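J.: This is what each chain is made of:
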Amino acid sequence: MDTLHFILTNECNAYQMPRTANSPGVCKFCYRQTGKIETTPEILKHIFKKISNYKKINEIVITGGEPLVSPYFEQVINNTNALNIYTTLHTNGILLEPELSYLEEKVSCISLPLDGSNSGTQDYYRGKGFFDLTMSNITKTQQKGFDIGINTFVSERNLQDIGYIAKIVSKIEPKYWLLSQYREINLNQRIGCDVYRSNRSKFKQVIMKLSDEYSELKIYSLESEQDIYPERVWVQADGRVYTDLTRNSQNILLGNLLERNLEEFINMIKQLKLKERGALND
Amino acid sequence: MIENCLGCQIAKKTIACPGGTIFETDNFVLNQDFDIPIESFFIIGSKKHIKSLIDLSEEELNELIILINKVRKNMKQLFEIEITYIFQDENAPHFHIWIFPQLNWMNMIGKGIQHIPSIIEYSKKYPAKKEGIIRRVNLLKEKLRI
Numbered sequence: 001m002d003t004l005h006f007i008l009t010n011e012c013n014a015y016q017m018p019r020t021a022n023s024p025g026v027c028k029f030c031y032r033q034t035g036k037i038e039t040t041p042e043i044l045k046h047i048f049k050k051i052s053n054y055k056k057i058n059e060i061v062i063t064g065g066e067p068l069v070s071p072y073f074e075q076v077i078n079n080t081n082a083l084n085i086y087t088t089l090h091t092n093g094i095l096l097e098p099e100l101s102y103l104e105e106k107v108s109c110i111s112l113p114l115d116g117s118n119s120g121t122q123d124y125y126r127g128k129g130f131f132d133l134t135m136s137n138i139t140k141t142q143q144k145g146f147d148i149g150i151n152t153f154v155s156e157r158n159l160q161d162i163g164y165i166a167k168i169v170s171k172i173e174p175k176y177w178l179l180s181q182y183r184e185i186n187l188n189q190r191i192g193c194d195v196y197r198s199n200r201s202k203f204k205q206v207i208m209k210l211s212d213e214y215s216e217l218k219i220y221s222l223e224s225e226q227d228i229y230p231e232r233v234w235v236q237a238d239g240r241v242y243t244d245l246t247r248n249s250q251n252i253l254l255g256n257l258l259e260r261n262l263e264e265f266i267n268m269i270k271q272l273k274l275k276e277r278g279a280l281n282d
Numbered sequence: 283m284i285e286n287c288l289g290c291q292i293a294k295k296t297i298a299c300p301g302g303t304i305f306e307t308d309n310f311v312l313n314q315d316f317d318i319p320i321e322s323f324f325i326i327g328s329k330k331h332i333k334s335l336i337d338l339s340e341e342e343l344n345e346l347i348i349l350i351n352k353v354r355k356n357m358k359q360l361f362e363i364e365i366t367y368i369f370q371d372e373n374a375p376h377f378h379i380w381i382f383p384q385l386n387w388m389n390m391i392g393k394g395i396q397h398i399p400s401i402i403e404y405s406k407k408y409p410a411k412k413e414g415i416i417r418r419v420n421l422l423k424e425k426l427r428i
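Going down the list, the protein sequences come from chains A and B.
Counting with this note's numbering, you get residues 1 to 282 for the letters of the first sequence.
Counting with this note's numbering, you get residues 283 to 428 for the letters of the second sequence.
For the record, the hints were derived by calculation from the structure and aren't laboratory data.
The structure displayed is predicted, hence computed values, not measured ones.
A virtual CB, placed ideally from N, CA and C, is assigned to each residue, including glycine.
There could be a bad hint or two in this list.
Which chain A residues stay away from chain B? Per the calculated CB distances, all over 10 Å, these [said to hold, decoys possible]:
1. Leu44
2. Glu99
3. Lys144
4. Arg183
Taking lysine-lysine and the DSSO-like style, the derived pairs with C-alpha atoms no more than 27 Å apart in a straight line are [claimed, not checked]:
5. Lys294/B / Lys333/B
6. Lys144/A / Lys294/B
7. Lys175/A / Lys55/A
8. Lys45/A / Lys412/B
9. Lys36/A / Lys407/B
Go ahead and model the full structure; you've got the sequences and the hints to work with.
T.: What follows is the structure in structure tokens.
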């Protein structure tokens, strides 16, 4: 087990941003869960003690929702910093810029969304002005010496733009480029999402073409031979622990870290993954 | 000093703005905004309880414009803020000047004075980190002390 995804909050500040004309809304394709994650400084302290007791995690990804809107963000960053392992911050970047200097010594990689090679494409998905904000964030993040991860949401709409996006990504030289398609989960909270669906085999072809053309890039998707996080554990800020299995559309709740040790959950995940691999090979 | 006047209390330091007073001259005090949680949103208030620019002497006006200029320059140098909005609202009971930054994320809501109310509303829903605000206050304090 190498990676722990820490879900700090389910809240996100993107939805309140103005959408562009004809767009179904800002980030309507997102499959995050809703509902408040209840936590306290004491709960977080307890969770990170459990994480630090288990020595085999070598990367932690702080994610959400949008982690930067959480009032506990700094506490979590200080805790991950104390673990002295590779730390990735997964953010939409809206509130990133004023925090960059503070994060310099504490975060290794900043993972940002790039869904278009221009405002017309990206702003359709993420709201007015998002492309300019992202490009500014990428420049400033690079200037500060962070590793960068790029996440691209792909649908029919930006498929024709993907070659141009690849050119931008190639210049950025990110640690990874993760492409994803619309996921059919948590649909009850998403209205007007039909526009985001795209053909899976077409997507697969695009990934293969990009991988051939940009062999220097580490490109990942569900269709890649190599999973970016083959065995990961999801821990929420309230202590709940989840795993993700390819065959399940929802992450599976395993229990609460406040009640058991991380190692027990890791062993459960290993068993589940082994079982899944066996089933997939059958 | 007028009792229950926020501006007077801030000038007298009986009420502290986030990070404390950044800088003061003979007639003005510089603070982070007391109420709106946006990084680098600075307020210059008068020490006297007055309402308008027309209540200031020529000497005080000079002092004020030099201070505004100093703050604005440092917002650019320290925080790379390219655009600001500078306001003085005479509806307020105590004279103060807003030096309101246009941070990158605000461009998503819109550029121009007409978007300021929406930006404030958004920032109250998703406030900047108090620690981040204070870090910037401290940086400006240090710079202005030199």
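J.: State for each hint whether it applies.
T.: For each hint, the structure was consulted:
A cut-off of 10 Å between C-beta atoms confirms that Leu44/A is not in contact with chain B; the least separation is 16 Å. With 10 Å as the threshold on Cβ separation, the claim that Glu99/A sits away from chain B is violated: the shortest Cβ distance comes to roughly 6 Å. Non-interface status of Lys144/A relative to chain B is upheld: no Cβ of that chain comes within 10 Å, the nearest being about 12 Å off. No beta-carbon of chain B comes within 10 Å of the beta-carbon of Arg183/A; the shortest separation is about 25 Å.
For the given pair, Lys294/B sits about 17 Å from Lys333/B by alpha-carbon distance, which is consistent with the 27 Å threshold. Note on Lys144/A and Lys294/B: the hinted pairing is violated, with a Cα-Cα distance of about 40 Å set against a maximum of 27 Å. Taken as a hint, the Lys175/A and Lys55/A pair is honoured in the structure, with Cα atoms around 24 Å apart against an allowance of 27 Å. Straight-line distance between C-alpha atoms of Lys45/A and Lys412/B comes to about 20 Å, which keeps the hinted pair within the 27 Å bound.
In summary, the hint linking Lys36/A to Lys407/B is supported, as the alpha carbons are separated by about 15 Å, within the 27 Å threshold.
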